[in-house]
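*Asks:* Here the protein sequences line up with chains V and P, keeping their order. Numbering-wise, my numbering puts 118 at position 118 of the first sequence, and it's gapless, one number per residue. Numbering-wise, my numbering puts 156 at position 156 of the second sequence, and it's gapless, one number per residue.
Certain hints may be false.
Identical copies carry no separate label here, and so any pair may be met within one copy or between two of them.
Claimed, not checked - 20 angstroms max Cα-Cα, derived EDC-like pairs, lysine to aspartate or glutamate:
id	residue 1	residue 2
1	K23	D336
2	K256	E158
3	K265	D160
4	K265	D245
5	K202	E306
6	K46	D280
7	K256	D157
8	K265	D61
9	K46	D208
10	K13	E344
11	K240	D348
12	K32	E52
13	K23	D53
14	K220	E341
15	K171	D348
16	K46	D160
17	K23	E306
18	K39	D53
19	K349	E29
20	K46	E108
21	K349	E306
22	K318	D50
Calculated directly from the structure, the hints in this document are not laboratory data. In this text the structure is predicted, and so the values were computed from the model without any measurement.
Given next are the chains, with one letter for each unit.
Number of protein chains: 2
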Amino acid sequence: MRIGLFGYGTIGKGVYTLVDGLKKSYDVEVVKVFDLPIKREMLGDKLVCDIEDIVNDKNIDLVVEVLGGHDLPYEVITKSLRSGKSVITANKEVVSNHLEEFINLAHENNVSFCFEASAGGGIPLIRPLIDNVKVNDVNNIFGILNGTTNYILTKMDEDDLSFDEALGLAKINGFAEANPTADLEGLDIVRKINILSSIAFKGNISNDAIYHYPISGVNKDILNNIKELGYALKYVASSKRDGDDVIIRVEPTMVKFNHPFASIKNEFNAVLYTGSTNGDLMFYGKGAGSIPTATAIVSDIVSVIEGRAYIGYSNLRKLNVNNGIKNDYKYYIVNDKLEGEFKENVSDKELLSAKFYARVL
Amino acid sequence: MRIGLFGYGTIGKGVYTLVDGLKKSYDVEVVKVFDLPIKREMLGDKLVCDIEDIVNDKNIDLVVEVLGGHDLPYEVITKSLRSGKSVITANKEVVSNHLEEFINLAHENNVSFCFEASAGGGIPLIRPLIDNVKVNDVNNIFGILNGTTNYILTKMDEDDLSFDEALGLAKINGFAEANPTADLEGLDIVRKINILSSIAFKGNISNDAIYHYPISGVNKDILNNIKELGYALKYVASSKRDGDDVIIRVEPTMVKFNHPFASIKNEFNAVLYTGSTNGDLMFYGKGAGSIPTATAIVSDIVSVIEGRAYIGYSNLRKLNVNNGIKNDYKYYIVNDKLEGEFKENVSDKELLSAKFYARVL
Chain V
1 MRIGLFGYGT IGKGVYTLVD GLKKSYDVEV VKVFDLPIKR EMLGDKLVCD IEDIVNDKNI
61 DLVVEVLGGH DLPYEVITKS LRSGKSVITA NKEVVSNHLE EFINLAHENN VSFCFEASAG
121 GGIPLIRPLI DNVKVNDVNN IFGILNGTTN YILTKMDEDD LSFDEALGLA KINGFAEANP
181 TADLEGLDIV RKINILSSIA FKGNISNDAI YHYPISGVNK DILNNIKELG YALKYVASSK
241 RDGDDVIIRV EPTMVKFNHP FASIKNEFNA VLYTGSTNGD LMFYGKGAGS IPTATAIVSD
301 IVSVIEGRAY IGYSNLRKLN VNNGIKNDYK YYIVNDKLEG EFKENVSDKE LLSAKFYARV
361 L
Chain P
1 MRIGLFGYGT IGKGVYTLVD GLKKSYDVEV VKVFDLPIKR EMLGDKLVCD IEDIVNDKNI
61 DLVVEVLGGH DLPYEVITKS LRSGKSVITA NKEVVSNHLE EFINLAHENN VSFCFEASAG
121 GGIPLIRPLI DNVKVNDVNN IFGILNGTTN YILTKMDEDD LSFDEALGLA KINGFAEANP
181 TADLEGLDIV RKINILSSIA FKGNISNDAI YHYPISGVNK DILNNIKELG YALKYVASSK
241 RDGDDVIIRV EPTMVKFNHP FASIKNEFNA VLYTGSTNGD LMFYGKGAGS IPTATAIVSD
301 IVSVIEGRAY IGYSNLRKLN VNNGIKNDYK YYIVNDKLEG EFKENVSDKE LLSAKFYARV
361 L
């Protein structure tokens with residue numbers, strides 16, 4: 001298996017190193033790496049700076065895309081699939097926007113498209129879910145899907161830090177990016193819950209339609225009030241299918257201390273879903289970090305080598321995101337005096353006018 | 001895919017029903033069922049009462065074994081693999097005793113051997129673990145692997161029942177067998193942790209060498225004392241590799257309330273292991289029940305149909321079970337007056353002479 005690697009940042013380097021470790025068991029090699037010319041010193045002759053040098057190379061069987069961003073990865077993935085190469089990506093932005101197109105292109109060209117690392121980092125999550133929906137229906141998903149914000153909430157709680165202090169610590173320890181807006185406002189989670197919901201419900205969902213409320217409005221006082229009520233605060237994505245409708249929301253969420261999510265700490269992620277025949281399942285592991293993410297990519301590489309990377313369905317149906325209050329969820333709504341009250345049948349307008357709110361699970 | 005099903009009890013019936021549901025997506029059918037003559041009324045012409053009628057049937061591609069017991073299942077599995085049929089089993093007794101032989105026979109005959117349902121019931125656990133150890137090392141495993149005893153401990157704690165009352169309730173609700181000895185003494189867990197350890201460590205382990213201490217010595221007073229100390233009591237299997245040595249123990253175990261295992265309630269199971277590159281992973285779901293178990297079997301059926309049931313290694317090395325006190329585990333030891341104390345570097349002899357004890361995680 002001759003691999004063309006797009007991107008030699010922290011994840012790309014991790015993939016490169018882990019593929020080296022695979023050589024004792026498999027005939028596999030990274031033969032070309034696309035990145036900027038400044039990487040020449042590290043990569044020597046393997047470096048290419050034109051994507052066509054990989055996507056048009058008939059000796060390359062498999063492309064791994066860890067560039068980040070949207071436009072260039074989209075071009076790399078579609079061109080590679082069309083030229084008969086299997087593709088593995090960790091790119092949640094591109095996958096959440098174009099999953100159906102990629103699955104169809106892979107089917108048409110008789111190659112594989114894998115994206116285990118695009119949600120849940122190092123947790124083996126997407127392949128078991130793909131397998132699971134072949135044998136039973138999955139109609140709801142809950143996820144703690146963002147390592148940065150879960151780390152912040154943990155540090156605020158356990159080390160009595162303010163939101164900003166915890167965010168600073170997350171940056172120092174490599175769990176938050178310089179610009180963490182996509183994490184704090186829930187956009188990162190929107191993309192991940194979209195990917196998981198698309199697989200589970202075999203449907204197509206627009207990122208733009210997914211409701212998300214920022215976690216950054218929380219402060220120590222609110223967190224303490226919530227704790228005194230017997231709850232832990234988590235930043236949770238929830239997704240529920242009802243026929244061709246889905247209700248997908250990314251919201252601060254209160255869980256009882258004995259709920260499985262209460263013990264998910266620091267940069268860990270967890271996904272809980274219910275199968276119609278096998279019941280509640282939860283998967284837990286490191287949701288961020290270059291080596292766990294690279295491990296998920298290398299696991300995809302092995303599944304392509306062994307011919308196991310089979311999705312088994314290509315056409316996704318259109319699902320309508322229901323953004324109204326057609327839910328019976330319970331909320332804890334905090335006013336400007338930091339007084340909170342539990343309420344049901346609340347409109348999004350009312351939620352958005354609160355100082356802060358959390359859904360109650 | 002023409003299937004021969006061995007055993008038409010509750011799990012067998014579940015498999016039969018779920019395979020019917022697969023027909024809309026796959027060309028698959030249960031063509032013969034082996035069981036006792038009294039099942040004739042239910043099964044009609046599909047019933048066979050001689051195993052040779054299935055293992056010698058050249059039109060059958062795949063055998064599903066859910067008989068229970070040891071001798072007959074062993075004969076069915078080996079004969080089926082030798083005659084070129086793939087085999088799926090839920091039988092932890094047979095798998096834990098003969099895993100290497102079955103994997104080798106499957107390789108030699110170019111067929112698949114699958115056993116997802118043999119540990120962890122409906123949790124997708126074994127296939128992700130097989131995949132995971134292809135890309136990184138796993139050197140320790142912790143598991144809550146028995147639904148019956150976890151149900152009993154939950155009911156004692158939450159509903160203030162005695163051990164015997166909780167056991168009675170488990171029987172009424174179908175979570176305990178008429179003779180629950182294998183569950184209460186830890187033998188059931190021994191087999192499951194053996195299977196998981198064999199895969200994770202790519203080694204061969206004898207069931208007989210695995211230390212197990214019964215859970216049945218616990219009572220309400222001990223449970224309350226443990227709770228007051230800030231711990232939940234769980235019946236946990238632990239397995240740790242050190243080179244060619246393994247320390248495997250099945251023991252009552254105390255976990256802090258914020259440990260992920262503390263929230264595993266009722267008949268649920270959970271397995272926690274650490275990958276060398278992707279870190280701690282936990283899988284959680286229903287560990288018992290006919291339909292969750294049947295779902296795991298049907299998931300194996302789909303993986304055989306799609307050609308994804310590939311283990312990828314056949315020769316297991318011999319691992320020595322270390323049963324001594326060469327561990328630095330911490331224990332809580334209860335005397336006859338129900339007074340407990342925490343101790344380290346304790347010999348098994350001292351543990352066995354206590355009124356009751358629990359390992360402290």
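*Asks:* Work down the list of hints and note, for each, if the structure agrees.
*Replies:* Each hint tested on the structure:
1. K23 <-> D336: neither (60 angstroms within a copy, 58 angstroms between copies)
2. K256 <-> E158: Classified as both; 17 angstroms inside a copy, 15 angstroms across copies.
3. K265 <-> D160: within (15 angstroms within a copy, 30 angstroms between copies)
4. K265 <-> D245: So K265 and D245 fail the 20 angstroms test inside a copy (32 angstroms) and across (32 angstroms) alike.
5. K202 <-> E306: Answer is between; shortest inter-copy Cα gap is 19 angstroms, intra-copy 25 angstroms.
6. K46 <-> D280: neither (46 angstroms within a copy, 34 angstroms between copies)
7. K256 <-> D157: both (15 angstroms within a copy, 17 angstroms between copies)
8. K265 <-> D61: Answer is neither: 39 angstroms inside a copy and 46 angstroms across each miss the 20 angstroms cutoff.
9. K46 <-> D208: neither (39 angstroms within a copy, 53 angstroms between copies)
10. K13 <-> E344: Answer is neither: 49 angstroms inside a copy and 43 angstroms across each miss the 20 angstroms cutoff.
11. K240 <-> D348: Within. Shortest intra-copy distance 17 angstroms satisfies the 20 angstroms Cα cut-off; inter-copy 50 angstroms does not.
12. K32 <-> E52: Intra 11 angstroms, inter 55 angstroms, cutoff 20 angstroms: intra-copy only.
13. K23 <-> D53: This pair counts as neither: shortest intra-copy Cα distance 24 angstroms, inter-copy 45 angstroms.
14. K220 <-> E341: For K220 and E341, only the intra-copy Cα distance (17 angstroms) is at most 20 angstroms; the inter-copy one is 37 angstroms.
15. K171 <-> D348: neither (32 angstroms within a copy, 47 angstroms between copies)
16. K46 <-> D160: Neither, since 48 angstroms and 67 angstroms both go past 20 angstroms.
17. K23 <-> E306: within (14 angstroms within a copy, 26 angstroms between copies)
18. K39 <-> D53: Within one copy only: 16 angstroms inside, 65 angstroms across.
19. K349 <-> E29: neither (54 angstroms within a copy, 53 angstroms between copies)
20. K46 <-> E108: Neither: 30 angstroms inside a chain and 40 angstroms across chains, both beyond 20 angstroms.
21. K349 <-> E306: neither (51 angstroms within a copy, 48 angstroms between copies)
22. K318 <-> D50: Answer is neither: 36 angstroms inside a copy and 51 angstroms across each miss the 20 angstroms cutoff.
In terms of the numbered hints stated before, the structure departs from hints 1, 4, 6, 8, 9, 10, 13, 15, 16, 19, 20, 21, 22, listed from lowest to highest.
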